[in-house]
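Enquirer: Listed below are the residues making up each chain.
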Amino acid sequence: MSVLSLDGITKSFGGNAILKGVSLEANPGEFIALVGPSGCGKSTLLRIVAGLDHADGGTITLAGRDLSGLAAADRNVAMVFQSYALYPHLTAAENISVPLAMRRLSSWQRLPGIGPLLPGQKEIRRGIRREVEAMASSLKINHLLDRKPGQMSGGQRQRVALARAMVRHPALFLMDEPLSNLDANLRVHARGEIVDLHRKSGVPALYVTHDQSEALSMADRVAVMIGGQLLQLATPQTIYDDPAHIEVARFIGQPRVNLLPAKAGSDGLVRFGDIVLSVAGLMPGNEVTIGIRPEFVHLGQIGGLAAVIERLEFQGSDVTAFARLAAIGETMVLKLSPAEARHLSNGQPVHLVMQPQKALVFAKDGKRLPAQAEMAQVAGAFHG
Amino acid sequence: MAEAAVSFPLTTAREGQRRAAAREARIAWLLAAPALVLITLFIILPVVAVVVLGFTDFELGYDEFRFVGFENYAELLSDRGFRISLWNTMVYAASVTPFSILIGLGVALLIEGETRGRAFFRTVYFLPVASLLVAMATVWQYMLHPSIGPVNMVLAFFGIAGPNWLGSSDTVIPSLALIGIWQSAGFNMVLFLAGLTAIPRELYAAAEVDGARSGLDRFRLVTWPMLGPTTLFVVVISVINSVKVFETVKTLTEGGPNKASEVLLFTIYQEGFVYLRVGYASAMTVIFLAILVVLMFLQYRVLDRQVHYS
Amino acid sequence: MNGHSLSPARLLRFALLSFGVLIFAAPYIFMISTAGKSQSEIFSSSLSLIPQTWSYGANIAKAFTRVSMPALLLNGAIVCALILFFQVLVAIPCAYATAKLKFRAARAMMALVMLGLLVPIHATALPLYVAFDRLSVLNSYFALVAPFSISVFAIFLFLQFFRALPDDLIHAARLDGMSEASIVARVIVPNAWPAVTAFSIFSVVAHWNDLFWPLIVVTNQTYATPPLGLLYFRAAEAGDDYGALMAATLIITLPLVLAFLLAQKRFIEGITMTGLKG
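Those protein sequence lines, which keep their order, are chains A, B and C.
Heads up: the first sequence is residues 1 to 384, going by my numbering.
Heads up: the second sequence is residues 1001 to 1310, going by my numbering.
Heads up: the third sequence is residues 2001 to 2278, going by my numbering.
Rather than coming from a laboratory, the hints here were simulated on the basis of the structure.
Ideal Cβ positions, reconstructed from N, Cα and C, are used throughout, including at glycine.
Do not rely on the hints blindly, as some may be mistaken.
[To be verified] Cβ-Cβ distance ranges computed for the label pairs, FRET-style:
no. : chain 1 : residue 1 : chain 2 : residue 2 : range
1   : C       : F2019     : A       : G113      : 32 to 40 Å
2   : C       : L2262     : B       : V1274     : 37 to 45 Å
3   : B       : V1293     : C       : S2140     : 56 to 64 Å
4   : A       : L117      : B       : Y1300     : 44 to 52 Å
5   : A       : G113      : C       : M2114     : 58 to 66 Å
6   : B       : L1216     : A       : G227      : 37 to 45 Å
7   : C       : T2219     : B       : Y1300     : 49 to 57 Å
8   : A       : G227      : C       : M2114     : 51 to 59 Å
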């Protein structure tokens, strides 16, 4: 039973289609990372779900309620912004209490100075204060409650922003690149904190990021958005091993997947190096793109693809090798262990061997085609 | 050249640094010298002179003068004309400042929320600021003319008999205040517009998600607090400028009728440059300057604290 | 804030703004309208905006003969230009030195500037007048320009601006062998252009409008600035010929208004910048 359901969301800005019919469903308590390059529309989608922008078409349902027409304040959705958007003139405690005060106190009761003197408020305000302190404890920011955002570090501000979002116990969390303003080392630590907090809350979350490794490491499921379309929504493992579209394969994974052109032969099979693949629905002569991740390309003694080492990048636990293919001039990227790479040097000729079952085949329009690895015929083996 | 590669002894390096610093200081003095000279000549010395003259009975045209201590100030305290002048100035400033600020803020908010025709509206509201005040005061004189002026003609249309705006002691200060508001609201508008555009948009988004449904809620939660520094600046400038009112009074009423529109600067002008009682007028000027300084400090002290975020 | 649909809120906003426009523009409308009416029409108390008795020519002619309009405008231009020239000439080096160079008086300079901001011409007028009188330099361009040749506000504005300029810019110039003077002229001034234009607008508007000081130092019509000239015109007019009066105000207001309309963005940017820095 899904808690959040987006159906066919479309949005254009001045003639440009930003969202081209996006649909997704989130299960209770699920953490979905919305990932894609800048300009793919993921932030726009988030704002539409929050109620800050209106979609041109499509529906949004949250916990059974249709959200269209509802103001942001009425959607029971909380949002954490990239710049945290904390009110600079309020203390951390006051910042966190704003969502509660807005909902429980009337306009008159919120007036500065005279407001608190009006009757009926002591209980409400005390309750708010209690909840704020409880939330601050769980995020370990009690000592910051009386400080203003200008007196806090980036990481502290981020936690206050989280507290403000969580104090309401909303039905959905929206997060718009909340970690991108943090230092690299802080970011990794903060990732874990957010995942922990989310798990404790039990509420679904939509988390927007342009960092694919962040998406893979944090999410229950990853939604890859490119060019205004949702290309794939699946677990991180599936996204990585089984991309549904060439753009998904291209965007996910570091170092980047190798993509090389190939053509179906007269027998309908695709040959590349030592690999022979039979691909469903291919006619002889059809062009495809073969994708293979760097960790599945190895150095062989003979056979395979002839290449020359162009560059070696030492990464500590592994070595990234760039090898130029002799036949077609394209550069392949390999991930090698330091042991494997020890004897390599620039300009050295090598043989590249790939794991056939790991080859991904993409049609001309980008869609992934299921492929079967055939045993290479020894007599007919020839370089791709 | 191996000998040249020997490192210089430490003392020479420090000596070089000191010489460079001294050279820099000398150049800095040279560059700042004209300004310093002019500030001394045209600001410091005259202020000192004014204070000193305030203790004399100097009159232009007479070569002799003597020091009279605080006599001038004592005379000012009992001078009914001066007290009226002070009062009028305060009433004028108290009338112009709030309206000029409110209208400036209101128009800025309206324009900020509007997407079309912004430039046009900005231009029209700012036009009075860019126009010659003496000239536009003259135009207002025509507009406020009791019989042939458009204002009274429009009022007559609604059956109201408009008063002699600039000629009656009850309505002269409000009329001058009206002109003052008209002339300065546009300036405040531009300052507020700048402050409004500096507010990060994400704060409004956060406010909406937090539950600020109405425009009023968003104004109270985001706009007004974030406009703090701008508002402070606008208030200080508006108060100071309204206390310095002179052009409209000199052009339209010469302080009349019956000193009903006599303001501080006009009184100083009369005493010092028409009646040539320079000593007495200097004492007035000292009081005027003191008022300005006190106003500025008061405002910055009181309001600045409420406006600082960190 | 949705600015696309024609919602009732938007209509209300538009209505309010337009109503305000009418009130704010009314003086100009009536000024132009009355400048073209004859005496009889003005006193006939009609609210028609288009003059029935087309008298623009006659009124403008009267305006030009009573007081020499061209001379007034020329004086205004000369005085404002001279003032601006000296203000910028003096302020830029001083602001540069205080912002970027290390010398012990820098702090004192800052304090002086802040103090100077509190002192308007009205406070220093008396002794300056007496001094100018003793030196017999009243009724001259010198008297009109000299006290304003120093503008602490300019120093203040440029100071803020220069502080924000990256130090590396100046270090690079020094390494290239430039003397401080040429650094000011060739590196600082071009980069300070936005601040200079902002200040220019502020200065010209302020001094074009100034009545107090010219009123004091000028009694000879040949040196009259526009505000002063208009006062003379009013005096010479005996106050009843509103047609000619409006024509005169129209002519006198026109230059600055035209300049404003042509350079609106710069004007408003200028005020904005002075406001933000202040």
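Enquirer: For each hint, tell me whether it holds in the structure or not.
Expert: The hints, checked one at a time:
no. : hint                          : result
1   : C:F2019 / A:G113: 32 to 40 Å  : 33 Å, holds
2   : C:L2262 / B:V1274: 37 to 45 Å : 40 Å, holds
3   : B:V1293 / C:S2140: 56 to 64 Å : 32 Å, violated
4   : A:L117 / B:Y1300: 44 to 52 Å  : 30 Å, violated
5   : A:G113 / C:M2114: 58 to 66 Å  : 33 Å, violated
6   : B:L1216 / A:G227: 37 to 45 Å  : 40 Å, holds
7   : C:T2219 / B:Y1300: 49 to 57 Å : 40 Å, violated
8   : A:G227 / C:M2114: 51 to 59 Å  : 56 Å, holds
When the structure is compared with the earlier hints, violations turn up for hints 3, 4, 5 and 7 and for no others.
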